[in-house]
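Student: The primary structure of each chain is shown beneath.
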Amino acid sequence: MTRIAEGSPMIALSAIRFTYDGRARTLFEGLSLEIPAGSITAILGPNGAGKSTLLHLILGMLKPRSGIVRLDGRPRHTYSRRALGRLVGMVAQTESIPFSFTVTDYVLLGRAPYLSPLGVPGLEDVRVAEEALARLGIEAMARRAIDTLSGGEQQLVVLARALAQQPRILLLDEPTAHLDLGNKGRVLRLVQEMVADGITAVFTTHEPDLVAAIADYVVLMRGGQTLAVGKMADVFTSQNLSQTYGVPVTVAQVAGRRIAIA
Amino acid sequence: MLWGLGVLLLLSIALSLFIGRYPSPYWMPPQLLVEDTLAQRLVVNLRMPRILVAMLLGMSLAGAGTVMQMIFHNPLVEPGFLGVSQGASFGAALGIVALNASGLGIQAAAGCFGCLGLILSYSLATRIRYGGWTLRLVLAGIAVSALFSAGVGMLKYFADPLTQLPELVFWMLGALWGVTWREALTILPVTLLALAGLVLARWRLNILALDDATALSLGSAPARERLALLVASVAATAAVVSVAGVVSWVGLIVPHLARRLLGADAQVALPGALLLGGTFAIVCDTIARSALPGEIPLGILTSLIGAFAFGVLMMAQPRLAAQAR
Chain A
4 MTRIAEGSPM
14 IALSAIRFTY
24 DGRARTLFEG
34 LSLEIPAGSI
44 TAILGPNGAG
54 KSTLLHLILG
64 MLKPRSGIVR
74 LDGRPRHTYS
84 RRALGRLVGM
94 VAQTESIPFS
104 FTVTDYVLLG
114 RAPYLSPLGV
124 PGLEDVRVAE
134 EALARLGIEA
144 MARRAIDTLS
154 GGEQQLVVLA
164 RALAQQPRIL
174 LLDEPTAHLD
184 LGNKGRVLRL
194 VQEMVADGIT
204 AVFTTHEPDL
214 VAAIADYVVL
224 MRGGQTLAVG
234 KMADVFTSQN
244 LSQTYGVPVT
254 VAQVAGRRIA
264 IA
Chain B
90 MLWGLGVLLL
100 LSIALSLFIG
110 RYPSPYWMPP
120 QLLVEDTLAQ
130 RLVVNLRMPR
140 ILVAMLLGMS
150 LAGAGTVMQM
160 IFHNPLVEPG
170 FLGVSQGASF
180 GAALGIVALN
190 ASGLGIQAAA
200 GCFGCLGLIL
210 SYSLATRIRY
220 GGWTLRLVLA
230 GIAVSALFSA
240 GVGMLKYFAD
250 PLTQLPELVF
260 WMLGALWGVT
270 WREALTILPV
280 TLLALAGLVL
290 ARWRLNILAL
300 DDATALSLGS
310 APARERLALL
320 VASVAATAAV
330 VSVAGVVSWV
340 GLIVPHLARR
350 LLGADAQVAL
360 PGALLLGGTF
370 AIVCDTIARS
380 ALPGEIPLGI
390 LTSLIGAFAF
400 GVLMMAQPRL
410 AAQAR
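Heads up: the sequence lines are chains A and B, in that order.
According to the numbering used here, the first sequence is numbered sequentially starting from 4.
According to the numbering used here, the second sequence is numbered sequentially starting from 90.
Warning: the hint list may mix true and false statements.
Claimed, not checked - Listed next, the in silico SDA-like pairs over lysine to any residue satisfying Cα-Cα at most 25 Å (straight line):
| no. | chain 1 | residue 1 | chain 2 | residue 2 |
| --- | --- | --- | --- | --- |
| 1 | A | K66 | B | A310 |
| 2 | A | K66 | B | R216 |
| 3 | A | K66 | B | L274 |
| 4 | A | K66 | B | L316 |
What the hints assert, rightly or not - Far from chain B, by Cβ distances over 12 Å, these chain A residues were calculated:
| no. | residue |
| --- | --- |
| 5 | A27 |
| 6 | E32 |
| 7 | N50 |
| 8 | P67 |
| 9 | G88 |
| 10 | E142 |
| 11 | A231 |
| 12 | S241 |
| 13 | V257 |
Unchecked claim - Chain A side only, calculated, beta carbon under 7 Å to chain B, not exhaustive:
| no. | residue |
| --- | --- |
| 14 | L90 |
| 15 | M93 |
| 16 | S103 |
If you're looking for bench data, these hints aren't it; they were derived computationally from the structure.
What you are looking at is a predicted structure, and each value in this text was computed from that prediction instead of being measured.
No residue lacks a Cβ here, since even glycine has one placed at the ideal position from N, Cα and C.
So here's chain B without its partners, still in its complex pose (with noise of 0.2 Å):
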């Protein structure tokens, strides 16, 4: 099973890669590689490094969603439901009006305030004293979400209208237009190293879903293998919606398709979630630049396919993960 997910993303990158609006719309034939020069500078300079961020997108959220679902025992939670995506966006507010930053301090900026989002979120949820803990890291979340928004709202309103506002309004879109290699190849090394963590720990995380003295009796230190996850977590999100901005529903969605396709074991549930997820994003994004002859935002079609996809699945029959160790 974890090998045709595997397959799926392959496939999916091959054929990204030859579909778009050069030279005609959807579809360029393979030979034009061989003979014209603007198609392989298109396809090495343009598509080749939307690709990769897509897939490095859609893995992170993906990969993030099932840690965080797993280590807060909740299926209803996402990376960016926790302040990460709000916070993120900003950071990439403030560096884009307040500081006039480029590229890199927008990114920089907008990976801080979505940790910074998530750490708030983290340590409101202890201090709340009303309800169980999956309700008050709800009510927590919800809180400092909705603190940024503010934040987004008033730095949207005093940002100037010809120049920084349209980078801003860009940015919130979500999408990944605009993207090169300098992009991609800026957010590869922590999102590598992120999901590379995600992948070494995917059998622990199993016993970091369980409750703190039944992990802590099987030889791990719960808090801080949580937390070690975490920060791997939100480092690659941060990353990932620093150039993308906020593309919502994939972690929230591919973690249960994941689990529904391949079992709770995330063991197996993680790498299907990352393969999954790269997959999803790169088909998403293949769309948006490709279908209309301007793009469509890629949050847009992530939650359109997303919701149907998670409709038909969770309506399917269950069918048990063939154990596939």
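Isolated chain A, as found in the complex (with noise of 0.2 Å):
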């Protein structure tokens, strides 16, 4: 089962093969997803089943052995890396900033792929980026160096980058990994939002409850195979999660929301 949801899908995965260089196993062998637009999408499974090797395939940090990765209709490579980078953001996992750059340096780092290489930002591009930590609620740090942050602030100032690059697919590798539940919380909303307005989002987690709470489908995954694939309704469940993990989950109601409880 690959297809989700009717209508074009804005990633397609089709016949995916992929092995990590210098090893044994195969991670995907035949791998297909489709993942449709303007909707919030969860890669859920253990360490290790490949999630972030997924997002990297889409991103095109890797590449299939075998397999084509289409974005909005196109395979990947018949893109430039100027427009994939308009097309395609990424939030990763930790991301490493050794300079201390202020806030806003760091944020106008977004508006490369609107740039020449060589080219410098214009007020237009720090507009947008003091426009993207205003979204965020964070327009206080601007003038701050990063590295005087929380790692949550540090996290919001990352997805307001990602925010002020504008991308159409907006791909998130546990993006609330080290968050308390305020950032957390914000993290999330944000996502919502960029949703709402038009983005597809996919991200990974290891936390099926964060599943739970935003994403309207799931791909639920296990040592490089994908075990089920649906509407969050339909995939959430006792039953698919206890395959997930390898222990018995049982998937309960509370306030509303499905919580799975180990």
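Quick one: dock chain against chain with the hints and give me the complex.
Tutor: Below you can see the structure in the form of structure tokens.
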């Protein structure tokens, strides 16, 4: 089962085969998956399931041995790098920022796909960056050095950078892994808002509750296999999650939202 | 701020023209330029090319240091430590001892082996099966530098003690004595071209300081673009090292000073590092040629003055950069 919903998919992987260099085990063998436009799709699975690898295949960081990745109906490799930069944004799991950039300097980097390789950002770019900061409610941090911020604040700044990039697809690798409850809520709300504005979001996580909170669609993965793909309500079941994690998992309803209890 | 550094550079150039040991130690009255033909020749044929080379030296080392620190995500990298300086020294030694080469030949050999040093360090680092990327780079740089300094030692041992050895030792001390317009004009095209490339790509450098996935998602080709900037940096470094020998610390300290004064954004910090590096090298070289009756090796002064300036600036309260855009 690969098709999640009707309509043309924003991201389509067909017959993907992938092996890491120097490793015997083939991670993906004939993986096919379609992700609908304007939705939030969660890739859920235990550590080592291949979630981040899948994101990196969509981004183009990793190249499949065979098979095709299509973005908005066109094969990935037919886009120029800059066009891809305007199409796909990425929020990595841990983004190391080795120098003390100010928040504004860093968020401005999101404008790179709109500039020539030797270009420098202009007033319009600064405006977009400031708007992104304002939208996350962190404009007060604009002049601060990034390495003086807490981990949660840094993650918000990384999201602001992705927002300034104005992509149509946003990939998030474990976006809330190091966040407290308050910042987790803020990040999730922002992703929901961005999707309401028309972008397509795909995130990986190993926390089932995050999926239940915001995902429209769910891809359950284990050991490079997709176990179940579909609408959250259909896929997020005790039986599926038990199979995914290899331990008994009970899905319960609390305050109108599903939670998973292992 | 950037303008201030530019003015500082011009000021150091102007003052340096009148500082020296003619007609008497330290200061030459400007009117002598009109009256005294020896003073004219001295300024035009000796001081001017030397100041130009000092400026290119400082700019190249500081620019290359900034680029390397950013693309290797490591603030402890300097252009020499990845095998470039020791490689260039070995090349120069090879040129002097084995090939009996002249100025241009020595320069070419130093340039080639400087690049080779970096390539060896980089490819060794990708093959080391120990530690993170930063540690592997450090280890690879140390190993390759050690290899080349062993080679330099061996060439010194075999060198003719009356002709070749003094030339090699003078070269290795890192100094600009004997620099004329010929040397200045030989390295001018390479360094100018490389520095222009770095300045043009100054904002892009920020993207290349991010990790691969993020840099890629922002529409760049991280591997290819880093390589291009690395080649420009190494070319400039190798060119100036071939003329000046190993001048330490400029490439490590000046990028830090620039970031401290101007902030981390390379759009401002890189040009700032170039201006600061140029000024710093001119000041040090002016002291080197005028403080004592004999020359003081430039490398000693850059370390001495650099270490003090570094300490003072790092202890001072950080002032966040006024956005200079």
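Student: State the violated hints by number, sorted upward, taking the hints as numbered earlier in the document.
Tutor: 3, 9, 14
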